[in-house]
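S.K.: Keeping the supplied structure of chain A fixed, place chain B upon it in accordance with the hints.
These are the residues of each chain, in order.
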Amino acid sequence: MPPNQDYIAIIDYRAGNQTSVHRALKHLDVEAVVTADLLTLTKAAGIVFPGVGAAGHAMGVLKDTGIDNIIRVLVGQGRPFLGICLGCQIMLAHSEENDAETLGVFPGDNLRFDHSLPDEDGKPIRVPHMGWNTVERRVRSSLFEGVGEDEQFYFVHSYYPVPPPELVIGTTFHGKTFASAFGKEGTWALQFHPEKSGPPGLKILRNFYEYSLSLPPPY
Amino acid sequence: MLSKRIIVCLDVRDGQLTKGVRFQGNVDIGDPVDAARRYYLEGADEIVFYDITASAESRSIMLKVVERVAEAIFIPFSVGGGISSVARMRDVLLAGAEKISVNSAAVRYPGIISDGAEAFGSQAVVLGLDAKKVPPAGHCPSGYEVVIDGGRTPTGLDALAWALKAEALGAGEICLNSIDADGTLEGYELDLTALVSGAVEIPVIASGGAGAPAHLRDALVRGGASAALVASIVHYGTHPIPAIKEYLRSQGVAVRIPGVPGDGGLPGTGAGGTAGGGALP
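Protein chains in written order, with the numbering used here: chain A, 1 to 219; chain B, 1001 to 1281.
Isolated chain A, as found in the complex (with noise of 0.2 Å):
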């Protein structure tokens, strides 16, 4: 059953990391359900759609269970949503990895990084791209707002999103400069992890969260 209050939906497709945005969210006290509920997700204030594993598996799950079609309308109807890392990569058309067909919120693909591609120092970059790298804003949004340009977010990835150039929000170097954080107002989706990149990463959650409540509730 769903909560009795405003609350974020986090879905749950049994292959991601749900409890650790349920713990950043519990931390800033958020209620936040992680589930598979339809009736739940349609209810939720707002969506935040978590990720790690591999895209094709990630998209079964989601067809399987009617989630894909169920995202589709909500975000449509201007639900407030936010991918995180295989869950932004998702919103694209098609990935590369598995040469899976997503959910196509938005138009794109996601691409492997190339391992002989130089990173600033000149040496072959690594692949994942694992740990800590700056988001360079392109247009403001509110997911940012109050977040230093200077931060840092946690990344680990093996493929990176290419959305339509007008949906980029902000973009990170590895090897190439690729869409770290894209979207459009209340659509969101971010390669890095915000609830394992600190305070900025915390507050990021916490922006999408007071983004959600200052819409009507959702019936």
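Please note that a few of the clues may not be correct.
[Claimed, not checked] Quick look at which bits of chain A chain B covers, simulated, 3 or more residues with Cβ under 8 Å:
no.	stretch
1	19 to 27
2	49 to 63
3	103 to 112
4	115 to 123
5	129 to 135
6	180 to 192
Keep in mind the hints are simulated off the structure, nothing from the lab.
If you're wondering where the values come from, they're calculated on a predicted model, not measured in any experiment.
Positions of the beta carbon are idealized from the N, C-alpha and C atoms, including for glycine.
M.R.: Leaving out everything else, chain B in the frame of chain A:
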């Protein structure tokens, strides 16, 4: 640009730190959760808990520690020590760790790396590799042999060959520990670090021997490591993490120096002091 990471290692036995950690002001801390929280706020990029496990009972104590840590810090942390099954990996990850590290068990049964990567993704599986210098010959052409069981048991495996094999099996990262340098405080084994980090595509964490900030610089620059593991150098309070990071930055090493730590609700100010996205178009 991707920052080089400083990873703090905490040894845990029966739910307590094996040695107290001394923070500034001579506060001595024995609780791993408190210590982790202090290091989180000081700017550690990641934390490793090494479980010096004595019994099945202490393993469930460790899971409780992991759960408490996951509620207290919001950076990645991993758990190593005595992990020898996918079921145990799952328990630790579900308790809230990002990664598990396998060492001796992976030498005895390399399939645990691929099984773990298959079940949880490569990013969750760290290979802990303890290497010892040997005369380069026959079975160990690189001049470094893999040793297990805390360094007591030689395996006959070449350290470089094993690192490459573990990468092929799906390890997401290698924590490369020099048994010779470990505990000396005289610096990381740079030849070993450079050898392995130059050969694999995945990140390599240099481990063993850190006694001064310059040692970290050497491992990260000359050794080519993506991260440096630290223990005594920070636990004794002589080199706080912010000072080490300032030093590394002054040496041209990219590091993360966080803004004002708060509860997450406070606006970060960033190292450069810029606030928010206000300057953006």
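S.K.: None of the hints should be skipped; say for each whether it holds.
M.R.: Consistency of the hints with the structure:
no. : hint       : result
1   : 19 to 27   : holds (count 6)
2   : 49 to 63   : holds (count 3)
3   : 103 to 112 : violated (count 0)
4   : 115 to 123 : holds (count 4)
5   : 129 to 135 : holds (count 6)
6   : 180 to 192 : violated (count 0)
Comparing the model with each numbered hint stated earlier shows that hints 3 and 6 do not hold.
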